[in-house]
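Quick mapping for you: the protein sequence lines, in order, are chains A and B. The opening position of the first sequence corresponds to residue 13 in my numbering, with each subsequent residue numbered one higher. The opening position of the second sequence corresponds to residue 9 in my numbering, with each subsequent residue numbered one higher.
Just so you know, the hints here were simulated from the structure itself, not pulled from any lab data. Note that beta-carbon positions come from the ideal geometry of N, C-alpha and C, so glycine has one too. One or more of the hints may lead you astray.
What the hints assert, rightly or not - Have a look at the derived ranges for each label pair, beta carbon to beta carbon:
(1) A/Asp78 with B/Ala145: 24 to 34 Å
(2) A/Asp143 with B/Ala145: 17 to 27 Å
(3) A/Asp280 with B/Asp106: 29 to 39 Å
(4) B/Ala153 with A/Ala147: 35 to 45 Å
(5) B/Asp106 with A/Ala210: 48 to 58 Å
(6) A/Ile22 with B/Val51: 25 to 35 Å
(7) A/Pro175 with B/Val58: 55 to 65 Å
Claimed, not checked - Straight-line distance between alpha carbons at most 30 Å, and here's what the computed BS3-like set of lysine-lysine pairs gives:
(8) A/Lys163 with B/Lys111
(9) A/Lys21 with A/Lys163
(10) A/Lys21 with B/Lys111
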Amino acid sequence: MIRARIGKKIPPGFSLDVEFETGGGVTALYGPRGAGKTLILEILAGFVRPDSGRILCENVLLFDADAGVHVRTRRRGCTYLPRRDSLFPHLTLRQNLAFAARGARLERHRQIAEMLDRFALSADAPRRPADLDPALRLRAALARALLAAPKLLLVDHPDFSEPLCRQLRREFTGPVFVATRDLDLCAAVAGQMLVLEAGRVLRQGTPAEVLDQPESAAVARLLGIPNLFECTIAGLDPGRNSSRLRIEIASESFELVGPYVPGHFRGDRVSVAIRPERVRVHSADSVEVANACPRQLSRASERVHGVRLEFSGGIVADLSREEYDRQKDNRGWKVELPPEALRIL
Amino acid sequence: MGLVIGISEPLSLAAVSTAVSLILGVPLAWLLVNRQFAGRPEVAIIAAGVLALPAPILCSYFLLGQPPLWSWGMAGASILSAAPLVVRAGRAAFAALDPLYGKAARSLGASEWRVLWRVEFPLVWRRTLAAAALAFARVLAECFAIVLIAHRISR
Numbered sequence: 013m014i015r016a017r018i019g020k021k022i023p024p025g026f027s028l029d030v031e032f033e034t035g036g037g038v039t040a041l042y043g044p045r046g047a048g049k050t051l052i053l054e055i056l057a058g059f060v061r062p063d064s065g066r067i068l069c070e071n072v073l074l075f076d077a078d079a080g081v082h083v084r085t086r087r088r089g090c091t092y093l094p095r096r097d098s099l100f101p102h103l104t105l106r107q108n109l110a111f112a113a114r115g116a117r118l119e120r121h122r123q124i125a126e127m128l129d130r131f132a133l134s135a136d137a138p139r140r141p142a143d144l145d146p147a148l149r150l151r152a153a154l155a156r157a158l159l160a161a162p163k164l165l166l167v168d169h170p171d172f173s174e175p176l177c178r179q180l181r182r183e184f185t186g187p188v189f190v191a192t193r194d195l196d197l198c199a200a201v202a203g204q205m206l207v208l209e210a211g212r213v214l215r216q217g218t219p220a221e222v223l224d225q226p227e228s229a230a231v232a233r234l235l236g237i238p239n240l241f242e243c244t245i246a247g248l249d250p251g252r253n254s255s256r257l258r259i260e261i262a263s264e265s266f267e268l269v270g271p272y273v274p275g276h277f278r279g280d281r282v283s284v285a286i287r288p289e290r291v292r293v294h295s296a297d298s299v300e301v302a303n304a305c306p307r308q309l310s311r312a313s314e315r316v317h318g319v320r321l322e323f324s325g326g327i328v329a330d331l332s333r334e335e336y337d338r339q340k341d342n343r344g345w346k347v348e349l350p351p352e353a354l355r356i357l
Numbered sequence: 009m010g011l012v013i014g015i016s017e018p019l020s021l022a023a024v025s026t027a028v029s030l031i032l033g034v035p036l037a038w039l040l041v042n043r044q045f046a047g048r049p050e051v052a053i054i055a056a057g058v059l060a061l062p063a064p065i066l067c068s069y070f071l072l073g074q075p076p077l078w079s080w081g082m083a084g085a086s087i088l089s090a091a092p093l094v095v096r097a098g099r100a101a102f103a104a105l106d107p108l109y110g111k112a113a114r115s116l117g118a119s120e121w122r123v124l125w126r127v128e129f130p131l132v133w134r135r136t137l138a139a140a141a142l143a144f145a146r147v148l149a150e151c152f153a154i155v156l157i158a159h160r161i162s163r
């Protein structure tokens, strides 16, 4: 378990102020450039000394500003995989791995051979990093990191992918921190996710929780939810666990039925978000459905997993290719925002 | 015979002073780049400022009353002449090195000495060696000048 409270000022104008507690699995630090992801990893690794706070890793105190404790990098057991290639260029792959290996000579040789084999690097062991392709270099850097038997693994490499992470989890069961801007990677491999912006943790939870309940408009924006609208609470019905929301899109006002909004009153302004894949589209002449309004299609663009439709007023819907093929000849469009998919922020 | 002595003494003095400069200068250059310690700016200024001394070996030769080339005074002066070049080049080389190699090595549990010796020095040795060659040439040139002047004075 990692428990950290970190304060650090980096002139001019950036300050990190975060507090988090994570379990033993993969923790994703998600956020835009300049959010403080790398700085958190560098602080955990011991390269940067925070101004205030406390860091505990598996009940071992690594840093305590009040007590003046700052365990040096080499004694922390926090292995760091930087964002660029970090294999030593003057050493061969085998020598790079040997640099991290511990124990008696025979034991080291056994460990290195085993690791080369596990990461399918044996054939390239006598080659230098410059002769290898980037994917292989990353695999080798990971193998080297694991040979150091870390207590905590810190990954800041942008090419760190889902398959590599799955391989890593087969070899290493300890806690891993991954700095990433890839939401798919967070959802696929992380047990915990920290959404960061400008040196602050905006949201923490499992990826499913964070994606389903962004909790604030800022987090929704960071998660790339394009359907984010301001609205006014027109009515609250705690008995039916529902609310009526007056929403204004493109100078046109209409009412939506949404979930009950605890802690708010009629007339309050709130933000409402809906993921584009949860938006449903119908033909304009289809039967009347709740929370649907006629919209004009402004653009349809191809995506990896389907087609994105952009409607007037900025409503975005992601459809599967089959669904789009079925509906593409619609003369007019009606966009439905299902009440169960609306998130009040 | 006199000519052989005249060549071998400056050569050996230059070789020894260059070797000592490397042994002392490279770790000092690494410390100046990688460590914050009390007196660091002063050490950096002194290391660079010695370069401005006009011909330290030649000056020492006359200030110390024309001692033989192989003496403590002359050895010190030749190190003073060679070391700043090594420190200066070493500082530039270590500063130009990507810090992530050092970070990766430390996070793998390597000691500072191991980081310097196994990771960073092998990456900068070419530049340091070029500076050492320059230092060797500087000491040699001054020593030859002394040999010529001493020869002239003796006649």
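Broken hints, numbered, in rising order? The structure breaks hints 1, 2, 3, 4 and 5; every other hint is satisfied.
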